[in-house]
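Following the hints, position chain P against chain V.
2 protein chains.
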Amino acid sequence: MRQSELFTKTRRENPQDEVAKNAQLLVRAGFIHKELAGVYSYLPLGLKTLNKIIGIIREEMLALGGQEVFLTSLQEPEKWQKSGRWSDEVVDIWFKTKLGNETELGLANTHEEALASLMKEQISSYKDLPKYVFQFQTKFRNEKRAKSGLLRTREFIMKDLYSFSKTEEELANFYDHAAQAYEKIFKRVGLGEVTYKTFASGGSFSQFSHEFQTLCEAGEDLIYVDEGKGVAVNKEVLTDEVLSQLNLDKDNLKEKKAIEVGNIFKLGTKYSEALGLNYKNESGEVLPVVMGSYGIGPGRLLGTMAEVLSDDKGLVWPEAVSPFQVHLISLGQSEAVKAEADKIYADLVKKGEEVLYDDRDLAAGEKFADADLIGLPKRIVVSEKTLASGKLEVKDRASGETIYIDHV
Amino acid sequence: MRQSELFTKTRRENPQDEVAKNAQLLVRAGFIHKELAGVYSYLPLGLKTLNKIIGIIREEMLALGGQEVFLTSLQEPEKWQKSGRWSDEVVDIWFKTKLGNETELGLANTHEEALASLMKEQISSYKDLPKYVFQFQTKFRNEKRAKSGLLRTREFIMKDLYSFSKTEEELANFYDHAAQAYEKIFKRVGLGEVTYKTFASGGSFSQFSHEFQTLCEAGEDLIYVDEGKGVAVNKEVLTDEVLSQLNLDKDNLKEKKAIEVGNIFKLGTKYSEALGLNYKNESGEVLPVVMGSYGIGPGRLLGTMAEVLSDDKGLVWPEAVSPFQVHLISLGQSEAVKAEADKIYADLVKKGEEVLYDDRDLAAGEKFADADLIGLPKRIVVSEKTLASGKLEVKDRASGETIYIDHV
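Chains as they are written, first to last, in our numbering: chain V, 1221 to 1628; chain P, 1221 to 1628.
Hints in this document: simulated from the structure, not taken from any laboratory. Treat the hints with care, since some could be wrong.
Copies of the same chain look alike in the list, so a pair counts if it fits in one copy or across any two.
[What the hints assert, rightly or not] Derived DSSO-like pairs (lysine-lysine); straight-line CA-CA distance at most 27 Å:
#1 K1268 x K1359
#2 K1587 x K1611
#3 K1558 x K1404
#4 K1570 x K1404
#5 K1500 x K1302
#6 K1404 x K1474
#7 K1316 x K1367
#8 K1229 x K1490
Next up, chain V with everything else stripped away, as it sits in the complex (with noise of 0.2 Å):
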């Protein structure tokens, strides 16, 4: 794409109005627009970042067997009732609205209960299990505070998988293969090296759940990391007793602040049992069905990665996610390195390059400047200078290493 018809346009100074790096980052690069607090637009470059980080979601979803399906946000009580998780006093983070008539609904914050509702007419008999079903779909969140970018918003984009099994076995088999789905994720996202499959507690089913939490100050939560084998424990189950089941030692263990990026969770039979999901196993005897729990938010995971991988520069994608993948820079305004410029840019898009073309006329300094807020992996420069020489400068944005290669 030329940078000349992208609309939106960098920002030199950092809004005033927003505290967090990464909002601040996304806001100046032009990847996001802040609606109101802790509710953010994506605009062109960040909805083109989500969807690479949705893609790769999507696809280990669907390596792990997963169905994909959309739920709605609005929601009646009912359900909810009937899990307990209705009143405001137990869930303090509902939004809730009104039909015409008053009945009251409630925006979505997790679909444990439609799910588990809606699969009462799918699910009947041992053969119909197991299944795992996800979704991309809105979350509404009323948090108090949201002052940390996209790392905590009211409104944002889940991935929730839930899984139906017969059995605990066959949850915690289930549950192994999608925590290895889950670091295999924020692997090939680039945070793979700073994210830690962390123990919390596992509430009434199971002794522990997981969340991933990858490292950063910016981070809310404090996790204890055992860095040789690369385990981290939750302040919350930081016990004597648990630390020698998990074969962990308290000196080898650091106090550090992390951000969770994801989280898997053994629901057991809470929402069939409420709910009445059942099964019939093989001797007829009807059962609850055995349910798990597993989330990512793909924009808190872009905001993490403008936290973790940027530098006092701007943005510094990997590859896997970059809106693009090349920035092409022409600089100065004669008609021969425009020529040039134009050829390297068609010769790119037809070899299937993602690039991002700065045909602006600006100055050398505002086109490096926005190209390194911007952060694509690769930058080529062509010039009077890389026309004499017929040499192309090819700069990385992530080693800021530049190597020349001859013309394309």
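Quick look at chain P alone, frame taken from chain V:
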């Protein structure tokens, strides 16, 4: 995909709480699930179909020069107060909610205000125009009645594009291109022959807006069609003056029921003036940006296709939007049939065909009834009979014609 793994099941009986044919068929075939009146979840087959429709619309919007964004549902009152659309007396389909601190918010039913406001940060000069911005995003509309299945819903994904132009001429030029893109979309999804560009009232800025109306007995609108000229008019503009202006003869018009599947509207400077979206022209004058809006509901389009293209046996999907292209059906449980069907499935998938493989242990009649209900374009049957003949039976869902081909 193997149908034995698909988590949705078909139903023989119409759901008791649905009166609209589209909802009856789509629920029975396992494409959608009713959450509450006018609020439907998409199940795997439905979501695949919806995503194909979205893919076609996206291609045409990108071809028009559109840039994709993703705006938010949560909205503060201020912008809408400026345009006069916050009050429930003016707009009677608001869903409203509240932040924890009692600040009232609305759930966007459209996005003129939000986008015009956002564009103030991006547009300042004539050099920034024209720009075309679109999204696929969930709209919330508090409809009083919601008995028409997917044709009128309270929560639905909408493609809304907004154009930002310097002058009325520039708007008119793009508006005509957009109208052509819309005609292309309806053609591509298989509704071209029954969809009419329909003159409707244009509001304060323009004499006409245009609707795209698909002829259908289930439609809520009445239009007056000149079949020969391929044009229609809406009741509200059916006057002698308009007819003579459009060179239409009252005697050639037939009254028809129709579903509004799209609309395009010249907004003029209504929202840009209300929200202060201005640009400087070449002489340095500050002028309001001239806007247009262009909407299609992919879900309503899907519902319309279920109404218009179905028959008494079930759904009939055109290739362009069908969730799978081929329904491969094995009959009987002989090992030879299974092995041959497995092989054909593997071969077709390898070729890149989208195949739903009915490998379930069910009677032929049930499998055929399900295939007719689900409505994939091609049905291939593998049975003892086809094995013996060395031929495969390929049936076209739309025409009902069967041909025999050599084994693939």
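Subject >> Intra- versus inter-subunit Cα pairing at 27 Å for K1587 with K1611 >> reply: Within. Shortest intra-copy distance 20 Å satisfies the 27 Å Cα cut-off; inter-copy 64 Å does not.
Subject >> Homo-oligomer pair classification [K1404, K1570; C-alpha up to 27 Å] >> reply: between (31 Å within a copy, 26 Å between copies)
Subject >> Status of K1359 relative to K1268 across identical chains (alpha carbons, at most 27 Å) >> reply: both (20 Å within a copy, 21 Å between copies)
Original post:
From the Cα coordinates, with 27 Å as the cut-off, is the pair K1500 and K1302 best called within, between, both, or neither?
Top reply: within (22 Å within a copy, 59 Å between copies)
**OP:** Since the copies are identical, ignore which copy is meant and state whether K1404 and K1474 lie within 27 Å (CA to CA) inside a copy, between copies, both or neither.
**Re:** Answer is within; shortest intra-copy Cα gap is 24 Å, inter-copy 60 Å.
**OP:** Indicate which option fits the pair K1229, K1490 if close means a Cα-Cα distance not exceeding 27 Å: within, between, both or neither.
**Re:** Classified as between; 25 Å across copies, 49 Å inside a copy.
**OP:** With 27 Å as the alpha-carbon cut-off, assign the pair K1316 and K1367 to within, between, both or neither.
**Re:** Both, since 22 Å and 23 Å are each at most 27 Å.
Original post:
At most 27 Å between C-alpha atoms: does K1558 with K1404 qualify within a copy, between copies, both, or neither?
Top reply: So K1558 and K1404 fail the 27 Å test inside a copy (42 Å) and across (35 Å) alike.
Going through the hint list in order, the structure does not satisfy hint 3, though it satisfies all others.
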